[in-house]
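Quick one: dock chain against chain with the hints and give me the complex.
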Amino acid sequence: MLPASRLRPLVVLLAGWAVIVWLRLGFVQLVRHRELAETAARQREATIEVEEPRGEILSADGRVLAGSLDRVSVYANPARIPRERWEELAEKLSPIVGLEAGDILQRFAARDRFFFLAKNLDPAVTEAVGRLRERGLGVMRTQRRVHPHGSLAAAVLGFVNSEGVGQAGLEKAYDRTLAGTPSIYRLLRDGKSIPTPLDLRLEQAGRPGLSLQLTLDTRIQAAVEEELSTTLASIGGRGASAVVMDPVGGAVLALASLPSFHPDAPGASPPERWRNRAVEDASEPGSSFKPIIVAAALADGRFRSTDLIDCSGGGVQVAGVFMRDHARYGMLSVREVIAFSSNVGSIRIAQRLSPALLDGTIRALGFGAPTGIELPGETRGLLLPPERWSALSRAGLALGQELTVSALQLARAYAAFANGGYLVQPRLVRATVDESGAVVTPARGEAPRRVLPPEVAQQITAMLAAVVDEGTGKRARLASYPSAGKTGTAQKAVDGALRSGRHVAWFAGFFPLPRPRAVIVVCIDEPRSTYWASEVAAPTFGRIAQRLVTVMGLPPSEAVPL
Amino acid sequence: MRIAGYRPRNTYLQRQLDHRWHRFLLWCALGAAGLAVVLGGIVGPRQTTVRLRYEIAQIKSEVDALERERRSLLLQLESETSPHVLAPRAADLGLAVVPPDRLLFLTSSGELVGQGLKTQSPAASPTGRD
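In the order they appear, the protein sequences are chains E and S. Counted from 1, the first sequence has number 137 at position 137 by this note's numbering; the numbering is strictly sequential. Count along the second sequence from 1, add 1000, and you get the number used in this note's numbering.
Bound-form chain S, shown alone (with noise of 0.2 Å):
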């Protein structure tokens, strides 16, 4: 039954603390703390070798990058060095193709042959045309 205005008034009640409680506190604690070491174990590797994925990937992709450069560095020397680019450089610094009885050849009995610096054919009138 409950009287309206009535509240018992026994001072003298403490609470009551359990002791098991702290017990249950350590166990608690001492439960986060495998959980920890667990996931640390489990995320810990995991993470490295996360890590370690991403640096593959970023050293792959500078790889690749470096073979990109090499070849497009190989195709601009090949542009460079192409005969139709050097003919004309070679024209200016004054070189020019050297006609046939310029050059010297060297047999395999180790004699030196030339066309002993003969003149060109002259471009002779033709007897015929056709």
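The following block holds chain E by itself, in its conformation from the complex (with noise of 0.2 Å):
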């Protein structure tokens, strides 16, 4: 037994001792906690953040358009690779991700840190990758963006880049619905600093991107775009574009631009492929304008369709300008006008209204402003205010000149006159709907507003139908199908000057009648064996018709009982 006096110094230097441990233990624990936590939670637990899947754009007849496929990128940082492992890595890592090994270690040498070994490969590799237990390699989730109908409404779709963000057409438009949010894992990582799946916690759920469901018909999407091909294919030309409408509710049928481009590999294809040229572009409509004229005159009630114009001489003197007629047709009715489109009946219809009148009229068809379509880029075409017309400017109206409109502005224009009168918003997006197909935001979108009296709307169709029946339209004619439109050809002005040489050809109708189901709207661009519009655009725009008949079930408005 020691004495207590030999005792005393242990104790002391015991008790001083777990003084000084427990002043340490309470530093730590109270003053250092957070500071040390956050530290060890680093270094024992990961945060990985995992895209959702990237909703789909469907079409109306419910295919799937654009879809995603879960696809892997396998990435590698040699700087935390033990250099006398890369050759055994390189080995093993070859078949995985379909590389030579001495390409792997090439790659290994010639950078010192992250890079991607290798991308787009399939889910299943991960596994493999995270069986070499090298934490200076794993495998990053991407999503690769595939449209099963290939080069179908290319320019309608639109793309994505190599990190999944839209850059044309919908995908621009929706990428924010379309992409979602991602959500975000906590897990722990093991010895080597390696995640792994035990104790995986959802820090953040994310939300898988909405689907678009679209009013386009793949079938009808598919039959235009054929029966535009064949028309480039026969004609030539720089490029088509075409426009089928419901003119009632605006829904946009099909939208055809090409030449196109393949969605998947948007690289392969020049950038002016991308563009949208029903949307995107705008020409002078010519004859094809000459319509909208007489409504004007219609709607003011200056002019009746029985009233007769002198068309006779061949031309008319406008301003110094001597501007000709196709032929001599003599005293015209205002019908007779639009049906032979006489540029003299239609110069002097303009010519008596005032440029106010003919403006509203214009712009109350929805001309010199974007239709509001769901797409982006959309042009609002060239028109100037009155103030800044010439004394030419009524009469270069007339004839479809010193204005330039889309293709989808022209549709738009002529759902009015197939419709009684009213404007309807061009719409493409029905609605955006999550991953059970329930809707979550229904269509957007103006409702239709009237622009025409019902009166002169009727008035309008039936110049448009003798147009088809007896006029420059008689291609587009289809049998038992009552078709009503209208041809124009317009000289391009390319650098401020018109060029002869260089056309579009255009084609804007409806059809069956008396209770048109679509409007059709043909442009051919630069169309090179013929240019005239009757021999190019009307022709396309009757194949159109006759293969809309089969896919939306159109009983002939003539039936004959069998």
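A couple of the hints might just be wrong.
[What the hints assert, rightly or not] Far from chain S, by Cβ distances over 10 Å, these chain E residues were calculated:
id : residue
1  : Val31
2  : Glu49
3  : Lys172
4  : Ile235
5  : Gly239
6  : Arg302
7  : Arg304
8  : Gly315
9  : Ala369
10 : Thr441
11 : Arg450
12 : Gln491
[Stated by the list, open to error] One-sided excerpt, in silico: chain E residues whose CB lies under 7 Å from chain S:
id : residue
13 : Val64
14 : Asp70
15 : Val146
16 : Arg219
17 : Ser341
18 : Thr489
If you are wondering where the hints come from, they were derived from the structure by calculation, not from laboratory data. Built from N, CA and C at the ideal position, the CB exists for glycine as well.
Here you go:
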């Protein structure tokens, strides 16, 4: 037994040590608690961001126009891999990433920091890479946008870049809706700092992207693209576009733009093919604009469709410029002015209208402003205000010059003739839907508004029907399916001047009468072998209408009971 | 005092065995057994949890893989049945787009109507060009 006098220093020593330990413990637990806890969590835990799948783009007939596939990218950070393991790892990685071992070694040697070894791989490689248990290697989940219908409606759909961000078309316009938000998971790392699936905790729930339900019908779209291709193949041309629209609701059933591109590999085509010609391009409408001038005259009450116009002389002098007609027509009724597309008749009508009235009607029919369709880069066309008009402007407008329009704007205006005088908002997106197919946001858009009296719309429709029956649009005719429409051949302006030999051929119309189900606008850019719309655009309209009969199941207007 | 070369030799001395030693060993064994039970009670369920978590993680990844495959097959089906793909195949099989004059429609009154096999209107020479 030690005497108490000898034990005392030992007790004091131990007590002092205990006090120091407790003080340190208190300092660590109370003062540095948060900092150390965070450090420990950083060492022990990892946070990963998992992209939720991008929404799909669906057609009206339930087809998937754009979808996403899960893919992975394998990354490497050679600085974190011991050099003596490089060769062994390269050998093992070779069959996983599909690269030669030598190539992998070269890449390791060339870079000393993080880089992607291979992209767009099957997610099954994740397990194989994980088995290598090397913290300088890892996989990152990505998505690949795929378009199962190839180039169908490519200009409408657009495309995404390698980061999955929309760059054109609906992919761009609805990027935030389609993308959704990523989920954040917290998980544990093992002794080698490699994340393990143990203790996987959802830190922040993401939201899968919403899908877009379109008004576009793949069967109609395919038929329209095929017929435009046939026209371009037989006649030649710089490009073509077409719009098929429901005249009552404004739903766009097809929106074609050729030449096209494959949205899976947009880089393989020149950027000029990416644009949507029907929405982004504007050209002079030529004679297809004459019905708008006549509509203004009829709505104002200055003319009736039976009034006679002097179209003799084969031309008319306006502000010192002689404007020719296609023929010496003599006296033509307003109806015949449209049917035979008389330039003189149209000019004489326009000159009797005030600039304010003309401008008001043109703007009321949607020209000079974007239609508001859900696509980026829509043109508003060119339409000068009346105060900037010259002495030639009214005559120019009567011939569809001095303004430019898009195919979609023209379709919208013709829809007003077809539906009894209402301006409708063209729309491509019927609704946004979630994964279960439930509607999240219904279609937006303005309600139709009356812009023409119903009797004016009826009279214009009758005139346009005469164009197809006996006028310049005969080649658009379809037996038992009365149609109405108007041709338009316009010279193209290049660098501010009209160029001979460069034309745009239009045909705008609707069918079947008396209750039109589709407005169709065809625009052929710089047709080669012949440039007249009556020989280029009108037959294309007829063939598209014929295809619509089958796809839409339209009974003939002049049905014969069997 | 130590004398060199001298060592006591009292051979009669036997090592005394402390009988409490048995009891001490017994307590140690019992303590170890108790500790093992306690540890088993704690580690066992923990191990089961870990195993189950692994299994859940594995099943989740299988579900993910199957979902990926479903999406991939769906997109493949879309691709195979795309109008662009079907049209040439149909043409190869001798199928053609039905012209409107070959179509019959059933009206709401139960009547069958059609165009009476009218021929397509010919592409007449236009009276005017525009």
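Each hint tested on the structure:
1. Val31: At roughly 32 Å from the nearest Cβ of chain S, E/Val31 sits farther out than 10 Å, so the non-interface label holds.
2. Glu49: holds (16 Å)
3. Lys172: holds (21 Å)
4. Ile235: Per Cβ check, E/Ile235 is outside 10 Å of chain S; nearest 14 Å; holds.
5. Gly239: holds (19 Å)
6. Arg302: holds (25 Å)
7. Arg304: Holds, because the least Cβ-Cβ distance between E/Arg304 and chain S comes to about 23 Å, which exceeds 10 Å.
8. Gly315: holds (16 Å)
9. Ala369: holds (27 Å)
10. Thr441: holds (24 Å)
11. Arg450: holds (30 Å)
12. Gln491: holds (13 Å)
13. Val64: Where the cut-off is 7 Å and the nearest Cβ of chain S is about 5 Å from E/Val64, the hint holds.
14. Asp70: holds (5 Å)
15. Val146: Given a least distance of 6 Å, the restraint on E/Val146 holds.
16. Arg219: holds (6 Å)
17. Ser341: holds (4 Å)
18. Thr489: Because about 6 Å separates E/Thr489 from the closest Cβ in chain S, which is inside the 7 Å limit, the hint holds.
In summary, the structure agrees with every hint in the numbered list given earlier.
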